[in-house]
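All residue numbers for the sequence shown refer to our numbering, where the first residue is 1 and numbers rise by one.
Since the hints were derived computationally from the structure, they do not count as laboratory data. In this text the structure is predicted, and so the values were computed from the model without any measurement. One thing to keep in mind: the hints can contain errors.
Listed next, with one range per pair, are the computed distances between beta-carbon atoms [unchecked claim]:
#1 Asp60 - Pro22: 15 to 23 angstroms
#2 Ser118 - Ser23: 14 to 22 angstroms
#3 Val51 - Tyr11: 30 to 38 angstroms
Ideal Cβ placement from N, Cα and C applies to all residues, glycine included.
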Amino acid sequence: MSLEYQPLNTYLNEIRLLSLQPSKNIDGPIACSLSTISLDDKPLFEALSYVWGGATATADIFVDGVAFSATTNLHDALKHIRPRTGDPRIMWIDAICINQNDDSERNHQVPLMQRIYSGAAAAVVWLGPSNYYAWGTLGEAIVTGARFYIWQGELVAVPCKRNAWL
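Sequences and hints are given; from them, build the entire structure.
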């Protein structure tokens, strides 16, 4: 069984948002669900930016109860950023929220990405497993008008108050 995407209404600037369900067990299965919303309604969500990595290495997550093959880098990101308790985390993630098997949808959604990232409450950046050199480079970065929040691993969230695309 594969994930069945409902068509998006291009005239309403619809996108899909992912609800990342909490789990107290960091190594437990990753469960999430998709919902459709118009960008014109100014929804509250975070956008995940990450390196797709090699498409051959994958790990399953569960979207609407259906196994979905995610790159291992995306799987690792979701494993570390999902809430441990409480409410789901509402996110936009290109590999899941855009039907990658539908060229027409991809061609419509890609031009919306700048609007998606700039409209997000925060852009969450996953840089992959901890790396000494990556931390050094991050420490030297000069950021104007933005604050960085750093969590476990190589995770950075930048509140999007400007039209920035990561």
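| Of the hints stated earlier, which fail here? | 2
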